[in-house]
Structures are given as structure tokens and as C-alpha cells.
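Under this note's numbering, think of the first position of the sequence shown as 1, with each following residue one higher.
Rather than coming from a laboratory, the hints here were simulated on the basis of the structure.
Using N, Cα and C, we set each Cβ at its ideal position, and we do this for glycine too.
Some hints here could point you the wrong way.
With a Cα cut of at most 30 Å, we get these calculated DSSO-like pairs of lysine-lysine [stated by the list, open to error]:
(1) K362 <-> K662
(2) K662 <-> K887
(3) K957 <-> K697
Quick list of simulated restraints, FRET-style, between CB atoms [to be verified]:
(4) E894 <-> R351: 37 to 45 Å
(5) Y580 <-> T754: 39 to 47 Å
(6) E124 <-> S209: 22 to 30 Å
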Amino acid sequence: MLLLSLFACDTPACLGGDADCVMPSPCPDVTYSCEGGSTEVYVLGPGDVPPGGLDTLAATGDIVLGNDKIVAVIDALDHPHYIAPTGGSVLDLGVRGKDNDSLRAVFGAIGLLPEEAFNYTSMEVLEDGDVKAIQLLGTLDGYPAIPIATRYEVRPCEPGIRIRTEIANGTPDALSMYLTDAFYWGGREMIPFTPRVGSGFNHPDFGLSTISAAFFEVPFMASGMHSAPAASYGVVSCSDDSITGFQSDNVSAMGAAPRVFPSKDWEIYERFLFVGDGSAVSAAADIAYELREQLWGEDFVTVSGKIEAPGGQLGDTMRASLQIVDGDDIPVTHVLPAADGTWSARVPANRSYTLVAEAFGKASSQSSFDAATSDVDVGTVTLDAVGEVSINVTIDGLEDHALVFILPADDATEAATAGTVYGFFEDCAPMLGLTHGGSPACNRVLVNGATTVALPAGTYDFYTSRGPFSTLGALQGVAVEAITGQSVLLEVESLDVQPAGTLSGDFHVHGGKSFDANIPDIDRVKAFIASGVDVIVSTEHDVVNDYAEAIAALDVADRLLMVTGTESTGHLLFRFREDYGFPQVVGHWMFWPVAYDPEGPYRGAAWDEKAEPGLLFTRQDELGWDRDIGVAQLNHPYGGAQFGRDYSWGSAAGFDQTVPLKETYDGTGQSLYFHKPDGATYSNDAYDVQEVMNGTKNENLIQYRSFWHYLLNQGIVRGGTANSDSHSLVENVLGTPRNLVFTSTTRDDFDVATFDADVREGHILGTNGPVIVASIGDNQPGVAVATASASDTLHIVVTAAPWIPVDEVRILVNGEVTQTITDLATPADPLGVDGIARLDIEVSLADLLPASGDAWIVVEAGHALVGQDDLDCDGLPDTGDNNGDGKIDWKDVEELTEDPGVDCLDTVGPLAEPPEPERETPDWLFRTVNPGGYPMAFTNPFILDVDGGGFAGPGVK
């Protein structure tokens with residue numbers, strides 16, 4: 001029976017089951033005109049050049065929909081991306097001719113749960129003269145009785161896409177539904193803006209259980225970006241004079257007001273999705289105000305002016321911006337001045353405004369103006385004068401690429417210069433550029449030859465290095481005065497620290513193609529060179545990127561060993577644990593090498609949704625990943641979540657480290673490790689290595705290490721790696737930490753198969769500074785079993801650059817520290833070149849091996865580890881002495897205010913971090929180029945067969 005019979009006579013056009021239906025054109029009150037307007041719609045074919053931009057993902061088979069002003073891509077039904085279960089999303093959207101797509105995806109839903117997303121089953125191209133459209137039909141993903149229909153339409157001259165969605169409740173029950181577009185920002189990218197009391201860029205924090213309090217009605221939503229070339233986006237309802245939703249830097253949702261739909265009820269929601277040229281919110285907000293004038297009779301005027309500082313500094317150099325506030329509390333737009341300091345923006349007419357100017361992440365001046373019915377020129381806004389510094393770096397006497405850290409030299413400068421990006425992301429002092437964009441970013445600058453930056457007056461220290469195997473280039477106490485210039489030269493020397501027969505590698509690196517990164521490819525490649533890492537594995541989330549254009553533009557192909565890979569990152573929640581009541585994802589997994597396919601929907605990566613790890617391995621294998629020469633890596637095995645999606649396999653599976661893993665699958669998390677999913681060639685344990693260190697700050701080392709040891713004690717031997725997981729110039733420093741791979745292949749004759757074989761064999765030292773060369777006779781660390789006896793000795797040599805403190809060396813046997821060596825050499829001058837050698841010692845295995853059974857041994861060097869404890873009794877350290885009272889108990893748990901009165905807590909954390917070092921100490925110098933970090937290195941294990949019967953793990957501790 002057709003669904004048409006369920007509804008009244010004014011049924012929406014395409015919910016009655018008629019495959020030949022055509023939805024009416026959306027937003028009939030919107031009108032644009034121009035000379036020479038045009039439209040187009042076509043399916044991308046092999047060899048077609050898709051629209052460009054940092055975020056573009058258009059692939060062969062997707063549909064291009066555009067006009068003379070804009071160009072969009074709707075992904076094919078079998079090319080789903082991110083949280084959408086099928087294609088039919090707005091995947092790319094940019095200004096015609098600008099190649100500035102900055103959009104991840106916009107897709108339809110009625111709520112936050114997986115089953116509430118739109119699942120399209122048909123897609124049709126419609127053409128009626130200059131009107132071009134795409135019509136999609138389907139149902140909700142988890143409700144086949146709830147039909148949906150969507151029409152995307154373009155007309156000549158218009159700065160966006162008209163959209164109409166129809167939905168009906170075909171179930172017998174009343175349902176709460178929120179007909180919305182989900183804007184998937186991904187984090188570190190677009191920043192949403194809404195004109196609402198106290199809002200603008202400021203939006204309430206929320207969780208899945210508190211999200212209802214984050215819903216607000218607003219006139220429109222717009223968004224701003226970090227990197228150029230950029231576009232800005234926005235949406236206005238054509239069905240109502242307001243639009244309802246919530247905002248975050250991961251996802252924004254904007255749509256019709258949530259309500260209860262009785263059985264047979266329906267709704268039509270029409271809106272205009274638009275794109276502006278440039279990264280400023282005002283580029284989109286200007287369009288929003290024009291649309292609201294057409295739709296709802298809300299008049300607007302244009303405000304203009306100029307922003308500058310004494311000494312000739314203009315707005316762009318000053319990282320300046322302007323927020324225009326209605327009265328005292330309703331931000332209506334946000335403007336970035338042009339390079340010459342001029343700016344303009346539209347605002348609602350007949351209101352009084354406050355103009356707030358910001359520079360270097362801090363409010364600088366404030367003034368008022370009235371906007372009646374005519375355009376307003378508010379004149380020149382003068383900011384505080386600043387100075388300039390020309391920075392240059394030499395590596396072994398030659399100018400070269402480097403990442404320079406600019407830090408306040410005193411408390412007064414820090415207080416005066418600390419700022420944020422519109423209240424988002426990390427505080428930076430000084431704030432020289434948008435945190436997750438190109439250089440300068442936060443307080444960091446990429447240089448290659450003399451590079452000039454503007455700085456607020458103050459006293460600064462300048463630091464750089466070529467990774468951990470060089471001297472620390474430093475110039476301290478540089479006084480920068482307003483309207484003056486300074487020159488800074490940082491000289492760096494390479495040191496003989498990296499062992500012969502090794503290549504350094506960072507196997508976890510992101511750039512702008514990742515959904516949660518926004519650094520341009522050109523700056524990412526400059527950072528590759530600046531890091532001094534030999535081998536970079538490009539591992540974008542869910543896609544592959546080879547950086548070929550940027551490498552060619554910089555002419556650095558001979559300086560960089562690039563291996564393309566991908567990080568599988570689940571978005572679609574699904575149930576894979578019978579002992580857990582909610583759908584999940586399986587964390588993050590790495591594959592390399594993966595061939596780059598410029599026309600594939602994921603650029604060579606496999607679709608990675610709704611799959612346990614073994615099925616992920618199988619899908620990637622079926623696309624050509626050769627595991628005989630490649631590597632599969634378990635990333636950050638424990639940790640947090642993003643919008644309800646676990647980052648980590650261990651967290652998602654809920655492994656209890658106090659008991660062994662189950663070898664027989666019974667549906668529980670403890671039995672998932674060895675499970676072979678339906679349709680898979682491989683089981684979930686068919687990976688090669690796992691991250692033991694991840695990130696410059698390395699705050700979760702103790703948990704990753706714990707899981708690695710838990711597996712080793714059960715005889716499950718995997719190599720351990722150390723990677724930066726860098727997404728920008730700021731949050732993690734590329735190459736810190738890194739892997740030293742002991743291999744026969746070299747930079748000059750690099751062979752990825754040989755290199756990867758050594759990675760799989762665990763011929764790796766993980767480090768962010770200290771270097772450990774350890775051996776037992778002829779045996780080196782790795783996953784292969786070696787024979788040993790109590791008469792053998794463990795030889796340990798530790799070296800490090802003078803600026804990297806090494807406080808102790810730890811020898812771990814079966815996961816327990818059996819010896820701690822603290823009598824190490826200390827360099828006299830941390831900023832010098834001498835004092836590399838720290839320790840050279842022989843330790844008898846008779847002092848290390850247990851009284852019976854086999855053993856595995858790992859050597860660590862660096863900072864003493866901060867004590868942590870396991871308060872929820874699952875074997876995983878989860879809480880530190882956060883209140884400093886000398887013991888770890890419920891009082892250290894952030895979310896507890898009273899004693900829960902149980903031995904094993906349900907709520908735990910956070911882990912404790914090392915104390916802030918005092919200024920000018922070795923630990924402080926280390927942190928100047930490794931923010932938040934502490935020195936740490938680890939060998940891979942010696943797997944020792946002591947009794948001659950083959951290696952057997954000692955068992956769970």
C-alpha cells in the first residue's frame with residue numbers, strides 16, 4: 001500500500017511511494033538576478049577535474065551541482081562519508097573559480113542516534129532550463145516506515161543551494177523528531193557563529209545527556225575558517241523566520257524546531273545553504289542578511305572602515321578582527337580586514353552597535369556607532385603599535401626550514417600577550433596566528449630564510465631545533481619595542497646522537513585532508529622538513545593524501561621519504577559487544593603503504609564504518625593494501641572519545657587487564673581481541689604494532705604502556721611505536737615523539753618493504769629525545785624470540801642532546817621495574833654541544849631474570865614517571881595524585897565530591913601530569929620545543945626463551 005493513503009490530501013510531493021514524483025522548487029521567495037548567469041549538473045567521470053580546496057573529496061561517480069557563483073558536490077549513494085550511512089550529502093561546496101572548498105559534509109537527520117540519519121536509496125538528476133536539481137528518496141536509517149525526500153537545487157546568480165526536505169511519520173507511534181542538517185566540522189576547522197544573546201562564537205558545552213539545554217532559536221548560523229584559500233558557510237530557513245539547533249566545533253545541527261510527530265504527521269523544511277568567499281564569518285553572514293531581507297523583510301545596511309596601527313602595520317599583519325555587537329550582548333557578525341586594513345560587513349538596520357576590535361587574540365579597542373537605514377563608514381580603528389622581528393635559522397651553517405617557538409620571557413609579557421582564537425582552542429602567548437591554520441600559528445612560525453613577524457611589545461625568548469638529535473637553537477631575552485625592528489638568528493648544529501644503521505620515522509601524521517585538521521599542505525610539508533624526520537607516513541583520517549603538489553612546489557622530493565597510508569576512524573555507531581548497552585566504534589587503526597587514488601571516494605582508503613578491526617584489515621586488503629610489505633598499527637589503545645565515538649580499541653572493547661583475554665568468542669568485550677568477524681579474512685588481533693607513545697605531551701603513555709605489557713605477559717607479542725599524531729603546528733609537534741628503526745635500507749636507496757619488515761619485527765626505539773642502544777650478546781630488541789641464560793649480560797648505552805635531561809634509566813622485566821639507574825652523566829651546558837654520552841653499563845641477567853620461567857625485558861630512559869593508580873579495578877592505571885596529598889584515592893577523581901564508599905570506583909581520572917618545571921631548568925628547556933612533554937624513550941622487548949622450550953608469557957599480573 002502506498003504511504004500516500006496515510007496522509008491528508010495536502011501530502012508532501014514525494015512521500016507517497018511514487019517513484020516518478022518531483023518535489024517542488026524550494027524557497028520560492030528568494031530571488032537573485034545577474035548578467036550571464038548559468039547552471040550545471042553532471043556526474044564526475046574519470047579524468048574530470050573536481051572543484052578544488054583543502055577539504056575537497058569529490059570522486060568519480062559523485063554529482064557536481066553548480067552555477068556561475070558556486071559549485072557543490074553531492075556524494076554518490078555508494079560513497080558515504082563520516083556520520084552519513086549513505087551518500088546524498090553535500091560533500092564539497094566552494095565559490096566558483098576559487099578552489100576554496102572548506103566543508104567536510106552536510107547531511108540530513110532527525111536526531112543524534114545512528115538510526116535517525118537519512119538513508120537514501122535513490123538519486124535522480126532534474127533539469128528544467130536554468131534550474132538544475134538533484135532529488136533523493138529514502139527512509140530513516142533505522143526506521144523504514146519513515147520516508148524522506150530531499151531536493152538540492154541551484155539557479156543562476158545565487159550564492160548557494162536551495163534545499164527542501166519532506167518527512168513523514170509512517171509508524172503507528174508518536175515520535176520526537178528534529179528535522180535538521182548536520183554540519184560536520186570535525187574539530188580544529190570551522191568555527192560556528194550565531195547571532196544570539198551572549199553567543200557569537202560562544203556556545204554552551206554539552207554532552208549527549210545534556211544536549212537539550214544547548215538548543216537555541218537563531219536567525220541563522222554562519223561559520224569561519226582557519227586556512228586560506230577558504231570559504232565560509234551559513235544556512236537560513238525559508239520555512240520560518242528562525243532556525244533551531246546546537247553548535248560545537250565538531251558538529252553543528254540547524255533545522256526546524258524539534259517536536260513530537262503523531263502517527264501520519266509530516267513536515268516540510270526548506271532552507272538556503274550558502275557559501276561566502278574567504279575565512280571571515282562576515283562573508284557568509286552578509287549573504288544571510290540579504291536572504292533575510294528577501295524572506296522576512298529584515299532591512300540591512302553595510303558598515304565599513306579601516307583598521308591599522310601606528311608605524312604602518314595593517315589589519316592582516318596584526319592578526320586583527322572585528323566583532324560587531326547589537327547593543328551590548330548580541331554579536332551579529334565577525335569581520336577579518338583585508339591585507340590593506342579595510343573591511344566591510346552587513347548588519348541589521350535601525351540598531352545601535354558596539355564595535356570590538358581584536359588583535360593577537362585579545363580585545364584591543366571598543367567603540368559605538370548607530371546604523372539607521374543608510375550605509376555607515378565608521379572610519380579608522382587604531383590598534384596598539386607593535387614591533388617586528390626578522391627571524392632566521394641556520395642548520396649546520398646553512399639557512400633551512402625550521403619551526404620557531406616564540407615564548408614570553410617574563411610573567412608580564414605572558415600576561416599581556418596571552419590570547420585565544422575567538423575563545424576557542426588553546427591559549428597562546430603570544431597569539432600570532434589562528435591556532436590550527438598555516439604559519440604563523442599560535443606562537444609558532446615556520447621559517448626558511450629571513451621571515452618577518454609582527455609582535456606586541458614585550459620581552460621574548462626564541463627557540464628551535466632540528467628534532468631531538470641537534471642542539472637547541474636559543475636566543476633569550478629579546479626586547480621588542482613598538483614601531484621598531486629586531487633581527488633574530490638561531491643557529492642549530494646536528495649532533496652524533498642517532499645511531500648508525502637507523503632511519504627515523506613518524507608513523508602518525510595528519511594534514512588538511514583529515515577531517516580534524518586545517519593546516520595547508522604547503523605548510524605541512526615545510527614542517528616535515530623542519531622536523532628532521534627521515535620517513536613520514538601520511539595518515540589522514542579515512543582518506544589518503546600524497547602531498548605531491550606541495551612537495552613539488554617546494555622542490556623537496558629529494559629531502560623527504562614519504563609513505564602514504566590512512567587512519568581508519570569510525571563514525572557510524574554499531575553494536576559489537578553483547579555486554580555493553582550502547583552502539584560504539586572500534587577506535588583508530590593505521591595502514592601503510594596505501595596507494596593514493598586521486599579519483600577514489602576515499603583516495604585509496606577503504607570505507608571503514610560498521611566494521612570490527614578484522615573486517616577493516618580485510619577491506620583494506622581487498623583494495624590492494626599488501627600486508628606482506630605493509631604495516632597495520634593499533635593507535636592510542638586507550639583514551640577519550642569525540643562526540644560519543646571512542647578513539648581507542650581498548651576503551652571500546654572494555655578489556656579487563658586483571659584477567660586473561662578470552663580465546664573463544666562469546667560476545668563479550670574480553671573475547672573480541674581474537675575474534676574473526678563475519679565476512680572477514682582476518683581476526684581482530686591481526687595487526688603488527690601498537691602505539692606505546694602518542695603525542696608530544698604524551699599524557700596517556702602510562703595507559704598505552706600498560707596495555708602493551710598486558711599483552712606481552714600473555715605471550716601476545718607486538719612491536720611498540722612512538723608517533724606524534726600531529727594535526728597542526730600547535731597541539732603535537734611533528735616528529736615528537738618518533739621511531740628509530742634499525743634497518744638495512746637507507747635514505748639514498750630507500751626500500752619500503754625492507755623498512756616495514758623491520759617495523760613489523762619491532763626493530764624500533766621509541767623516543768622524544770633520549771637514545772637507548774641495548775643488546776644481549778648478539779640479540780637486539782624485537783618481537784623475535786631469543787635464547788638467553790643468567791650468565792648473559794644486558795648492555796645499555798644511553799645518549800641524548802645536551803638540552804634533553806635524562807634523570808633515570810629503568811629496566812623492566814615482565815612489566816615490573818627491577819632496576820632504576822640514576823647515576824647518569826649530566827651536561828654542563830644544555831645549550832652547548834658537549835655531554836651527549838649519559839650511560840654505558842653492563843647488567844647481569846642473573847640480577848634481572850625471574851627464578852623460573854621465561855621473560856621479556858624493556859629498557860626505558862628519561863624523566864621519572866608520575867605515579868598513577870587503578871581505582872576502578874580493571875588493571876588500567878586511571879588516576880593520579882591530583883590533589884597532591886601524597887596518596888591516590890577518590891579525592892583525586894575530578895567528578896567526585898564525596899566518598900562513594902566502595903573499593904572499586906565507577907568514576908575515575910584524570911591521570912596526573914608531571915609538575916610544571918621551573919624556568920631555565922633542563923626540564924623547562926625541553927618543554928620550550930616540546931610543550932607539555934617530558935623526556936622518554938623505550939626499547940622494544942627482548943623476548944627471552946630462558947628454559948629452551950619456546951617463549952611463554954608469564955601470565956597476567
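message: For K662 and K887, compute the direct alpha-carbon distance and say whether it is at most 30 Å.
response: 34 Å, violated
message: Range first: 22 to 30 Å. Now tell me if the beta carbons of E124 and S209 are that far apart.
response: 40 Å, violated
query: Can the restraint linking K362 and K662 be considered satisfied, given a maximum Cα separation of 30 Å?
result: Violated, because 55 Å separates the two Cα atoms, which is more than 30 Å.
- request: Determine whether the Cβ-Cβ distance between E894 and R351 falls within the hinted range of 37 to 45 Å.
  value: 43 Å, holds
query: Taking the beta carbons of Y580 and T754, is their distance inside 39 to 47 Å?
result: Once the Cβ atoms are compared, 42 Å apart, the range 39 to 47 Å for T754 and Y580 holds.
task: Would you mind confirming whether the straight-line C-alpha gap from K957 to K697 stays at or under 30 Å?
output: 28 Å, holds
When held up to the earlier numbered hints, the structure conflicts with 1, 2 and 6 and fits the remainder.
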